[in-house]
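Chemist: Each chain, letter by letter, is given below.
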Amino acid sequence: MPAADQETYERHSYDVVVIGAGGAGLRAAIAAHESGARTALICKSLLGKAHTVMAEGGIAAAMANLWPEDNWQVHFRDTMRGGKLLNHWRMAELHAKEAPDRVYELEQWGALFDRTPDGKISQRDFGGHRYARLAHVGDRTGLEMIRTLQQRAVSLGIDVFMELTVTELLKDGGKVSGAFGYWRESGRFVVFEAPAIVLATGGIGKSWRVTSNSWEYTGDGHALALRAGATLLNMEFVQFHPTGMVWPPAVRGLLVTESVRGDGGALLNSEGKRFMFDYIPEFFKAETADSPEEADRWYTDKRNRRPPDLLPRDEVARAINNEVKSGRGSPHGGVFLDIASRRSPEFIKKRLPSMYQQFMELAGVDITKEPMEIAPTCHYVMGGVEVDPDSQMSVVPGLFAAGEVAGGMHGANRLGGNSLSDLLVFGKRAGEHAAEYGAALAGGRPKVSTASAHDAAEIALAPFAHDQGHDNPYSVHQELQAVMQDLVGIIRTEHELRLALDRLVELRAKAAAVAVEGNRQYNPGWHLALDLRNMLVVSESVARAALERQESRGGHTRDDFPMSDPYWATQNVVVELKEGTVSVRRQPLPQPPAELAKLLEEEAH
Amino acid sequence: MSYQLVLRIWRGDSSGGDFVHYEVPADEGEVVLDVVHKTQALFAGDLAVRWNCKAGKCGSCSAEINGVPRLMCMTKLSSLPAGRAVTITPLRTFPVIKDLVTDVSFNYEKARQVPAFSAQPDQPVAPFTMYQEDVERSQEFRKCIECWLCQDTCHVIRDHEENKPHFAGPRFFIRYAELDMHPNDGLDRKKLLQETQGLGYCNITKCCTEVCPEHIKITDNAIIAMKERVVDVKYDPVVKFFGRRRAGREKRGS
Ligand SMILES: Cc1cc2nc3c(=O)[nH]c(=O)nc-3n(C[C@H](O)[C@H](O)[C@H](O)COP(=O)(O)OP(=O)(O)OC[C@H]3O[C@@H](n4cnc5c(N)ncnc54)[C@H](O)[C@@H]3O)c2cc1C
Ligand code: SF4
Ligand code: SF4
Ligand code: FES
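Chains V and L are the protein sequences, given in the same order.
Going by the numbering used here, the first residue of the first sequence is number 2, and it counts up by one from there.
Going by the numbering used here, the first residue of the second sequence is number 25, and it counts up by one from there.
Derived by calculation from the structure, the hints in this document are not laboratory data.
Quantities reported herein were computed from a predicted structural model and do not represent experimental measurements.
Beta carbons are placed, not taken as given, at the ideal position from N, Cα and C, and that holds for glycine.
No incorrect hints appear here.
Subject to a maximum C-alpha distance of 27 Å in a straight line, what follows is the list of computed DSS-like cross-link-like pairs (lysine-lysine):
{"id": "1", "chain 1": "L", "residue 1": "LYS241", "chain 2": "V", "residue 2": "LYS351"}
{"id": "2", "chain 1": "V", "residue 1": "LYS511", "chain 2": "L", "residue 2": "LYS62"}
{"id": "3", "chain 1": "V", "residue 1": "LYS351", "chain 2": "L", "residue 2": "LYS100"}
{"id": "4", "chain 1": "V", "residue 1": "LYS370", "chain 2": "L", "residue 2": "LYS100"}
{"id": "5", "chain 1": "V", "residue 1": "LYS351", "chain 2": "L", "residue 2": "LYS167"}
{"id": "6", "chain 1": "L", "residue 1": "LYS230", "chain 2": "V", "residue 2": "LYS350"}
{"id": "7", "chain 1": "V", "residue 1": "LYS350", "chain 2": "L", "residue 2": "LYS241"}
{"id": "8", "chain 1": "L", "residue 1": "LYS167", "chain 2": "V", "residue 2": "LYS370"}
{"id": "9", "chain 1": "L", "residue 1": "LYS100", "chain 2": "V", "residue 2": "LYS350"}
{"id": "10", "chain 1": "V", "residue 1": "LYS350", "chain 2": "L", "residue 2": "LYS167"}
Computed footprint of chain V on chain L, listed as stretches where at least three residues anywhere in the stretch have a Cβ under 8 Å from a Cβ of chain V:
{"id": "11", "segment": "76 to 85"}
{"id": "12", "segment": "128 to 137"}
{"id": "13", "segment": "150 to 160"}
Please model the entire structure based on the sequences and the hints provided.
Modeler: So, in structure tokens, the structure goes:
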């Protein structure tokens with residue numbers, strides 16, 4: 002291996018560099034380009050393969066196509082209540098107001114959503130949304146969205162760098178000046194010079210063993226932001242989606258879309274009981290049906306209260322967890338999700354075609370005839386880069402973040418469908434503001450120093466120099482997944498969190514010494530070795546934030562502090578790096594203005 | 025219930041390569057991608073392979089399994105002949121980068137050549153009024169996950185590098201069909217499709233339809249339909265005129 006200082010770098014110069022080509026990154030790149038910025042779009046995988054492609058259920062937007070009663074105020078209220086009021090109110094407001102236009106824009110660019118009988122975009126029911134609100138295409142909405150955005154970006158001629166992984170952000174003084182990465186194909190290094198960078202790298206779920214997330218979800222953006230001096234918010238809030246597949250083991254964690262419940266599916270324990278009626282929290286009593294009869298009427302008549310099966314995800318995941326623990330689980334350690342006995346085979350195949358196919362082909366289960374077996378799976382991180390709600394700029398000048406990597410929008414728990422809309426609303430804003438920021442920079446563009454590129458190259462090449470006797474990156478990754486799954490999962494305690502932090506220190510030492518075989522050409526072992534560094538700092542951020550928040554709320558449940566605490570309702574936990582060490586502090590949560598606060602108090606009916 | 029499975033994986037790069045045998049532990053319910061991952065973790069950390077969703081949704085993990093183009097994440101071990109080695113090779117139609125990873129940039133080039141959706145002048149700004157029965161035909165084609173298996177299997181380019189510049193391939197034939205059948209698209213791409221994208225090269229062998237993991241009826245619903253529409257445009261302006269008017273009415277569902 003050549004030493005880092007003998008490296009030459011491929012260099013590119015742009016006004017805006019967007020890292021990540023899921024919904025958020027694509028939308029940001031389109032916006033930056035349309036604002037006149039020379040824009041580059043970078044992604045680790047091929048174009049069109051980002052997580053967004055896997056989204057199933059839909060895009061939440063109060064278009065009121067089925068329920069004229071729906072409007073941005075109700076959507077705002079649902080989002081804030083679903084987030085246990087820990088959302089940044091301004092983001093929730095912008096999101097609810099702008100989502101419909103962002104959906105129409107997709108239609109303008111060629112998207113074909115499912116239709117209502119009068120030729121409008123159809124909308125479906127999802128947990129936590131008072132009205133049927135999710136624009137969708139069967140259960141492949143993410144595919145429709147990413148393809149539409151991808152085709153738009155390609156037709157605009159935006160430069161795309163596929164299979165290129167960014168490992169470091171570069172700075173000049175306090176400002177962002179560029180990014181450093183490698184081509185996966187050749188292992189060659191690339192330096193991007195740009196005054197404005199948009200992070201749109203998605204989530205962190207690959208640090209857990211049971212997860213719906215792919216290899217890409219190593220928290221790169223979160224880690225890049227931390228190392229560049231930005232702050233993260235709400236990292237203790239990790240969403241465990243209540244319905245992941247459990248059997249066979251090879252598919253454990255694969256997502257079963259919430260649309261199954263939105264379209265009529267019910268949760269049952271081993272006694273055949275609809276147990277969710279036993280788990281309706283005080284906070285949601287007024288708006289939740291208390292009998293199966295009322296619940297079933299709700300699907301066709303929204304004057305009834307909603308089924309508890311469609312409570313926000315954190316509530317449902319905890320309930321399932323408890324049923325299994327109490328010995329009322331299914332044979333493979335989950336519970337049952339039944340739509341077979343409740344809807345016709347034709348309906349199921351039309352509304353849930355890819356679920357039908359997924360169970361048929363991977364589990365040999367016909368969901369039109371038998372119930373599914375499901376259990377919670379690590380799915381989404383509410384926490385992310387702290388940004389200005391209007392511009393999406395972090396505390397580091399020139400560094401923006403949008404989509405799952407950004408924090409604040411979803412508070413303690415995200416409602417289904419609110420991610421895809423979030424990507425569009427804040428992707429656009431981030432792209433526009435990044436372009437504007439770059440154009441307005443007085444005093445010339447910040448510079449990339451060769452020394453900082455060398456430093457990044459040295460870190461990237463280190464694994465090749467390590468002794469082959471050390472651990473391989475795959476085994477260290479498995480150990481990390483075990484730690485996070487067992488000690489920083491759905492239910493947490495101080496004791497286990499401290500144990501996790503100790504284990505993470507050991508794993509950091511192991512990861513720093515992992516050895517990789519082969520050369521720099523398309524070498525997944527090497528790529529994973531570099532990803533581990535990000536996973537570890539992000540995992541530690543989650544564990545430290547979880548230790549700090551001594552209450553239970555949304556996607557953070559402490560067995561030793563089982564109640565929500567009014568004090569904590571006013572506090573964010575902020576994570577930052579201080580001299581290379583993860584540290585946490587509390588920060589008061591911005592409070593909504595009176596007219597918005599009033600919306601939150603109103604009763605559901 | 026674990027058992028030992030023998031994998032023959034092609035390993036190499038553009039300069040050449042060969043099969044390498046691995047004996048990996050396999051478990052009930054596993055798919056080919058699972059055992060490829062185990063091979064990476066246990067024996068070959070640098071084994072190159074693409075994947076993302078592991079659920080047949082992203083189209084990343086395409087390869088040839090015992091010679092058949094398939095998704096590795098959707099091919100159950102139990103669906104393959106028991107007790108026999110499983111052979112995995114990279115897609116043959118595209119140049120190898122390394123091991124199971126090929127250079128599929130051909131497809132991204134063809135994608136760039138498709139003129140984008142453009143709304144009809146009488147309904148220029150979304151939200152559009154469109155009916156389910158009118159969007160359904162195009163929706164079938166929009167299920168495409170861009171796995172490139174149909175491109176890989178099509179004999180027009182499989183062993184014919186020389187045809188690639190003039191042939192968009194089945195994936196893009198359905199893209200042109202999708203736009204042509206979109207109830208509110210106002211561009212005519214049929215001449216382009218016939219003259220520069222190579223629709224005429226296709227002799228309807230249906231091999232593409234057979235390998236499509238999304239079960240899109242590529243040949244019947246897209247290629248044959250487009251061949252008919254192209255003929256209309258070329259030889260019968262009258263049919264075209266009335267045909268479009270009729271289609272126009274359908275589109276608004278009046
Ligand atoms: C199975 C599943 C179903 C879902 N269903 C829904 C749903 O119905 N509705 C909903 O609202 N939400 C849903 N979600 C959540 C939603 O899909 C995701 O939160 C969202 O797609 C994330 O989009 P994003 O643009 O932030 O990131 P992604 O789409 O994940 O894109 C991240 C991008 O960043 C790139 N990247 C990452 N790190 C680097 C790096 N170091 N260098 C270069 N590039 C990098 C990746 O290659 C990728 O292109 C679902 C999620 C899953 C997993
Ligand atoms: S039907 Fe046409 S496009 Fe499909 S494989 Fe055969 S020749 Fe190729
Ligand atoms: S048409 Fe089918 S086979 Fe071809 S790329 Fe699309 S999904 Fe794959
Ligand atoms: S990994 Fe996505 S289709 Fe196989």
